[in-house]
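Sequences are here, hints too, so could you generate the full structure?
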Amino acid sequence: MAEPKISLTGVTRSFGPKHVLRGLDLDIAAGESVVVIGGSGTGKSVMLKCILGLLEPDAGSIRIDGEELVGRKFEEREPILRRLGMLFQGAALFDSLRVWENVAFGLTSTGAMKRAEAREVAVEKLAEVGLGSDVMNLWPGELSGGMQKRVGLARAIATDPEIIFFDEPTTGLDPIMSDIIDELIVDCVKRSGATTLTITHDMASARKIAHRIAMIYEGRIIWAGPTSEIEESGNAYVDQFIHGEVEGPIKLDILKP
Amino acid sequence: MPWNPLQLIGHVVLAFMATTGRLAIFTGNGVRNSVLPPFYFRLIGRQMLFIGYYSLPVVGLTALFTGMVLALQIFIGSERFNAENAVATIVVIGITRELGPVLGGLMVAGRVSSAMAAEIGTMRVTEQIDALTTLSTNPFKYLVAPRLIAGVTMMPLLVIIADIIGVYGGYLVGTQKLGFNAGSYLTNTFEFLEVIDVVSGLVKAAVFGFIIALMGCYHGFNSTGGAQGVGRATTNAVVSASILILVANYLVTEIFFAGR
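Order-wise, the sequence lines are chains A and B. Be aware that the first sequence starts at 149, since it is given in our numbering, and climbs by one per residue. Be aware that the second sequence starts at 30, since it is given in our numbering, and climbs by one per residue.
Check before you lean on any hint, since a few could be wrong.
As the list claims (entries may be wrong) - Using 25 angstroms as the maximum straight-line C-alpha spacing, the simulated SDA-like pairs for lysine to any residue come out as follows:
no. : chain 1 : residue 1 : chain 2 : residue 2
1   : A       : Lys221    : A       : Arg246
2   : A       : Lys166    : B       : Gly50
3   : A       : Lys197    : B       : Tyr171
4   : A       : Lys166    : B       : Gly258
5   : A       : Lys197    : B       : Glu127
6   : A       : Lys221    : B       : Gly57
7   : A       : Lys262    : B       : Asn167
8   : A       : Lys221    : B       : Asn58
9   : A       : Lys221    : B       : Phe55
10  : A       : Lys221    : B       : Ala47
11  : A       : Lys197    : B       : Ser165
12  : A       : Lys166    : B       : Gly57
13  : A       : Lys221    : B       : Tyr69
14  : A       : Lys221    : B       : Arg51
No wet-lab data here; the hints were simulated from the structure.
Given below as structure tokens:
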């Protein structure tokens, strides 16, 4: 079997007494689009931050193309980071930079490209996400939430990364804009052939963009399979989550009035 | 559970040690990234403009009125034992050694540390700092190093200007209100002024510039909890920078004093 593009083995991470990741295993093949679903506080974001090196796992292994990331310094991780793209939940655009500078940031910050050249790339990438050159010189604060997400997506794909991560790409958007973002993600991924890992609790979005869905619960992957099989997963946790039922094995700590 | 004073002391000591350790690591990282290439010259220039040029009015006004008040107060004091001629000398030494750097530092701390903490804190809570990392940009190099470099280089320049304006403030009051002859006031100003008076003030300014930038960056970088966290970081940055400036002022003065 070919080596997975991304491989997480036995990843654990705790915050004080709270054990968020408890031995998480997940393999993602090259060119595959995997969506990790799960409720709030189950460890989705922590998993993503561990892969990106924003958090250091307590134990376990995270490999990209077989290269170990855990325990590596920023400088050692940098060549790998250059092959990654990331769309943040709130887009995380830099307030102090104009839209085109945000999109071109990954190209100019490393000195890989001159500003004029990077500006041309930014125009192309913005066009790919359906934004015209009229937004180029706007500041992020002048854009709507949906436009910010699209600029964030343009920034994520600007360096033609091999792997793209999406953190709750449709959260906070209206259904139409959510669908537009999903379509853009599918298009971009198809065009670039990138491997993608998305975390979300939006099932419509998951069904649309995933080749394979994995469910995280209490810091472990409790089910993973092709998107077409999720309805017949045979897993009570998955069934409860995808149908949004109150009754089931997943108990939320909510005080009833 | 009964209240245990030993437990409380233990908590406080541990929290203090943890904060000191975090700050030491942050400082080490900041200094390392400030002296090793690559350098973001555009960002360094922007910070120099922000810390240096835009602080000029507030530092200039502070120095002017400090020099004026100093001349008045020293005149009142020295008149009691017929030492009015010492006014010019004491004003220039007071301004260059002490009041220029300290008051300038405190004013810049209020203006700059808070702005840095608010900007970096907002970047932290909106995941912009995480975004920098994912775009293979070291946040220390991009955010902290330019501010530290600008702080250390701009504060001495600001203090030189503050010294000149402060001395001019004393001169104005001395010649216009206290009846000193302009020529003799200037002679008294420069006759007893030593290079070490100015140099010690400039060394203090560089140290204060470092503290101001470091506290702004540290509190911004470690802010948590949304808008409230950013507000707390801003307050902590100004308070800690101001206190550290006063502590560092004593230590630097002690070092220069020991050399005499």
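Structure-based check of all given hints:
Distance check on the hinted pair: lysine 221 of chain A and arginine 246 of chain A sit about 30 angstroms apart at the alpha-carbon level, beyond 25 angstroms; violated. For the hint linking lysine 166 of chain A to glycine 50 of chain B, the alpha-carbon distance of about 23 angstroms falls within 25 angstroms, and the restraint holds. Using a Cα cut-off of 25 angstroms, the hinted pair lysine 197 of chain A and tyrosine 171 of chain B holds, with the two alpha carbons roughly 20 angstroms apart. Using a Cα cut-off of 25 angstroms, the hinted pair lysine 166 of chain A and glycine 258 of chain B holds, with the two alpha carbons roughly 22 angstroms apart.
Of the pairs offered as hints, the one joining lysine 197 of chain A and glutamate 127 of chain B is violated, with about 48 angstroms between alpha carbons and a cut-off of 25 angstroms exceeded. Restraint check for lysine 221 of chain A and glycine 57 of chain B: satisfied, since their Cα atoms lie roughly 15 angstroms apart, inside the 25 angstroms limit. About 19 angstroms separates the Cα atoms of lysine 262 of chain A and asparagine 167 of chain B, which keeps this hinted pair within 25 angstroms; it holds. Annotation: proposed proximity of lysine 221 of chain A to asparagine 58 of chain B holds, straight-line Cα distance about 12 angstroms (limit 25 angstroms).
With a C-alpha separation of about 15 angstroms, the suggested pair lysine 221 of chain A and phenylalanine 55 of chain B falls inside the 25 angstroms cut-off, and the hint holds. For the proposed pair lysine 221 of chain A and alanine 47 of chain B, the alpha carbon gap of about 22 angstroms is at most 25 angstroms, so the pair holds. Of the pairs offered as hints, the one joining lysine 197 of chain A and serine 165 of chain B holds, with about 14 angstroms between alpha carbons and a cut-off of 25 angstroms not exceeded. Straight-line distance between C-alpha atoms of lysine 166 of chain A and glycine 57 of chain B comes to about 30 angstroms, which puts the hinted pair past the 25 angstroms bound.
Of the pairs offered as hints, the one joining lysine 221 of chain A and tyrosine 69 of chain B holds, with about 21 angstroms between alpha carbons and a cut-off of 25 angstroms not exceeded. Under the criterion of a C-alpha separation no larger than 25 angstroms, the hint pairing lysine 221 of chain A with arginine 51 of chain B is consistent with the structure, at around 17 angstroms.
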